[in-house]
Amino acid sequence: MESDANISIGSEMDIVAARRAGRVLALNLGFSGPEVTMIATAISEIARNIVVHAKRGTISLARIHNQNRAGLRIVARDDGPGIRDVQQAMRYGYSSCQGLGVGLPGAKWLMDEFHIDSGSGKGTVVTMKKWLRS
Amino acid sequence: MVAVLNQETLVTAVTTMSRNFSNLAGRYLRTLRKFATTKREADLEQAYALGRKAMSLKFGVLDMARIHQAALASLLAKPTDGKREKLLEAAEVFFLEALSPFEVTHRGFNEANRRLQRLIAEKEKRNHDLAVINDRLTAEIRRRKLTEKALRQSEQHYRRLFDDARAMEEGLRDLSNKVLDVQEDERKRISRELHDETGQALTAISVTLASLGRNEQISGIGQQRLHEAQDLLRSTMETIHNFARELRPAMLDELGLLPALRSYLAAFAERTGLHIRFRANPLAEALTANAKIVLYRVAQESLTNVAKHAQAQRVDFRIRKVNSRISMMISDDGKSYRELPPEVLKQEHRLGLLGMQERVRLVNGQIAIRPRVGKGTTINVLVPLNGAVERRENNLAALG
Ligand SMILES: Nc1ncnc2c1ncn2[C@@H]1O[C@H](COP(=O)(O)OP(=O)(O)OP(=O)(O)O)[C@@H](O)[C@H]1O
Ligand SMILES: Nc1ncnc2c1ncn2[C@@H]1O[C@H](COP(=O)(O)OP(=O)(O)OP(=O)(O)O)[C@@H](O)[C@H]1O
Ligand SMILES: [Mg+2]
Ligand SMILES: [Mg+2]
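Quick note, the sequences are listed as chains A and B, same order.
Residue numbers for the first sequence follow our numbering, beginning at 1 and rising by one.
Residue numbers for the second sequence follow our numbering, beginning at 1001 and rising by one.
Certain hints may be false.
Stated by the list, open to error - With a cut-off of at most 30 Å between alpha-carbon atoms, the simulated DSS-like pairs for lysine-lysine come out as follows:
| hint | chain 1 | residue 1 | chain 2 | residue 2 |
| --- | --- | --- | --- | --- |
| 1 | B | 1188 | B | 1308 |
| 2 | A | 129 | B | 1053 |
| 3 | B | 1086 | B | 1053 |
| 4 | B | 1086 | B | 1123 |
| 5 | B | 1188 | B | 1321 |
| 6 | B | 1188 | A | 55 |
| 7 | B | 1178 | B | 1188 |
| 8 | A | 55 | B | 1335 |
| 9 | B | 1039 | A | 129 |
| 10 | B | 1335 | B | 1321 |
| 11 | B | 1308 | B | 1335 |
| 12 | A | 129 | A | 55 |
To be verified - Beyond 12 Å from chain A on every Cβ pair, some chain B residues (computed):
| hint | residue |
| --- | --- |
| 13 | 1047 |
| 14 | 1056 |
| 15 | 1076 |
| 16 | 1105 |
| 17 | 1111 |
| 18 | 1162 |
| 19 | 1226 |
| 20 | 1232 |
| 21 | 1305 |
| 22 | 1316 |
Derived from the structure by calculation, the hints contain no laboratory data.
Even for Gly, the Cβ is constructed at its ideal location relative to N, Cα and C.
Construct the entire structure; sequences and hints are all you get.
Structure, rendered in structure tokens:
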């Protein structure tokens, strides 16, 4: 599937770039101010996870459609160490490294759809979607 | 001491809190000012990081509102000529970013709350289901208790019926016992009458006839008539004597069971031509009067049957002691009836065997009627030597 933006993530600067790209795309699609902020926040969290836990990876942004709505899809991909226990990582307050542990569950709550595919040694792919309210 | 320490701790905490607050407010103001002029994403990211920081320091949304309001007021205090609109716009985006972490937790709580509600609803449904099951169980238990009660009642009912039936049977047995007693008394009375009154009268007639025979004035045809009358009288006396003995052998009461039987058998053998072998244990005399009468009557009926039905030559008659009972065994060598039995015993006019059984039962005895195919019939009666009377009295006592 074609993407509107592919941002490689390896530093704090890249996180900002991904946020910026996400914000622009979301504004273009017609999301409201608060929604744009939520999208930027979700991108922040998963991009930061790449930097902190996997060193480097990519974030792809794309506009998507279903029968009656348009939306935005964010895919974060890395070849880092992966997450052994996904269910545990998704729990609010769980962190393997003294973080707040709000990153993954927070991103999930801010978006409409959230899917994580990971396992120890196989890298991590996080897919998130947000739909425009009609 | 403790109070003082707590006081100190509290003061320290409050001081740290307010130091953190002014730190945060300062950074917020500086970053917002930068963002208002440059509009860089990095500053927005910084706003988000500040919100996260505030949250980790346990500040709330209201604290953030205060910090934002103060920063905005401070920026608006300086002359901004025309940039005022842009400043407000930037401040809004910036504020949203700073609040975003709080939005996340808010949503998290919402979701947790929804999950909790679902759980509670499930629990309530489960409680309801349990209550329904409980009701059903209670109903089932009640039903079973009722069934159990009904069963107990019907059991009592049937036991009562059974007791009634048994009482009735006892009553009947008592009644037929009385009937037999009365019958025996009646026979005894008639027998005595025949023997004492009729017998005496006939004896008197016989004496008269004898003295008439010595009268020389009567001769020829008269003497012949006299002899004929004497013969007739003798056979009549014998018939009456036999009849009286059949009815109630005086010997049974006066001399005992065995002499009475012996005498009866002798007369019977002579009358019928049967060969009768009689052996008896004298202990039989220890039987109760009732038991003796029963044995005597059974012997009479058995021998009558032999004469009537068996076409026998010989009869073996034995009375023995078997443990604590007396056994009376009467075997003939006639043509036995094949299977004797219920249908024969049921026929109304066949009272012999039935009567025997009834009498034996009344003295707590047992009777076996055994036809041996082609070898005649054996009647065996067992009556208890002692205890028979007491047991009957116990039965009567139990009846109340
Ligand atoms: N891309 C990733 N690669 C490997 N592990 C990851 C990745 N993303 C998250 N994790 C694991 O999942 C855990 C939870 O992630 P989450 O973002 O919720 O919390 P955190 O990053 O530890 O803290 P913070 O609240 O600062 O984000 C992390 O501690 C880490 O162990
Ligand atoms: N010793 C026997 N040998 C062969 N048949 C017998 C003998 N005793 C009884 N029976 C058969 O059993 C039947 C029943 O005997 P039971 O004494 O009850 O009646 P009964 O002698 O015919 O009549 P009742 O004694 O009433 O005058 C007899 O009719 C006869 O057929
Ligand atoms: Mg994280
Ligand atoms: Mg008979």
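Comparing the hints with the structure gives:
1. Taking the CA atoms of residue 1188 of chain B and residue 1308 of chain B, the gap is about 25 Å. The hint holds against a cut of 30 Å.
2. Between residue 129 of chain A and residue 1053 of chain B, the direct Cα distance comes to roughly 27 Å. Compliance with the 30 Å bound is thereby established for this hinted pair.
3. In summary, the hint linking residue 1086 of chain B to residue 1053 of chain B is supported, as the alpha carbons are separated by about 27 Å, within the 30 Å threshold.
4. A C-alpha spacing of about 54 Å is found between residue 1086 of chain B and residue 1123 of chain B, which places the hinted pair above 30 Å, so the restraint is violated.
5. For the given pair, residue 1188 of chain B sits about 28 Å from residue 1321 of chain B by alpha-carbon distance, which is consistent with the 30 Å threshold.
6. Between the alpha carbons of residue 1188 of chain B and residue 55 of chain A the distance comes to roughly 134 Å, so the proposed pair goes past 30 Å and is violated.
7. With a C-alpha separation of about 15 Å, the suggested pairing of residue 1178 of chain B with residue 1188 of chain B holds against the 30 Å cut-off.
8. With a C-alpha separation of about 124 Å, the suggested pair residue 55 of chain A and residue 1335 of chain B falls outside the 30 Å cut-off, and the hint is violated.
9. Restraint check for residue 1039 of chain B and residue 129 of chain A: the C-alpha separation of about 26 Å stays at or below 30 Å, so the hint holds.
10. The suggested pairing of residue 1335 of chain B with residue 1321 of chain B holds, with an alpha-carbon distance near 29 Å, which does not exceed 30 Å.
11. For the given pair, residue 1308 of chain B sits about 12 Å from residue 1335 of chain B by alpha-carbon distance, which is consistent with the 30 Å threshold.
12. Distance hint between residue 129 of chain A and residue 55 of chain A is fulfilled; the C-alpha atoms sit about 24 Å from each other, no more than 30 Å.
13. Once the 12 Å rule is applied to beta carbons, residue 1047 of chain B is inconsistent with being away from chain A; the minimum gap is 10 Å.
14. The claim that residue 1056 of chain B is not at the interface with chain A is violated, since a C-beta of that chain comes within 12 Å of its own (minimum 6 Å).
15. Under the 12 Å C-beta cut-off, the non-interface status given to residue 1076 of chain B relative to chain A holds; the minimum distance is some 20 Å.
16. The Cβ of residue 1105 of chain B sits about 7 Å from the closest Cβ of chain A, inside the 12 Å cut-off, so the non-interface label is violated.
17. Distance check on residue 1111 of chain B: its Cβ comes as close as 6 Å (rounded) to a Cβ of chain A, failing to clear the 12 Å threshold; non-interface status is violated.
18. Every CB of chain A is more than 12 Å from the CB of residue 1162 of chain B (nearest about 73 Å), matching its label as outside the interface.
19. The Cβ of residue 1226 of chain B sits about 143 Å from the closest Cβ of chain A, beyond the 12 Å cut-off, so the non-interface label holds.
20. With a cut of 12 Å on Cβ distances, residue 1232 of chain B stays outside the contact zone with chain A, its closest approach being about 132 Å.
21. At the 12 Å boundary, the C-beta of residue 1305 of chain B stays outside the reach of chain A, the nearest C-beta of that chain being 103 Å off.
22. Residue-level check passed: residue 1316 of chain B sits 104 Å from the nearest beta carbon of chain A, beyond 12 Å.
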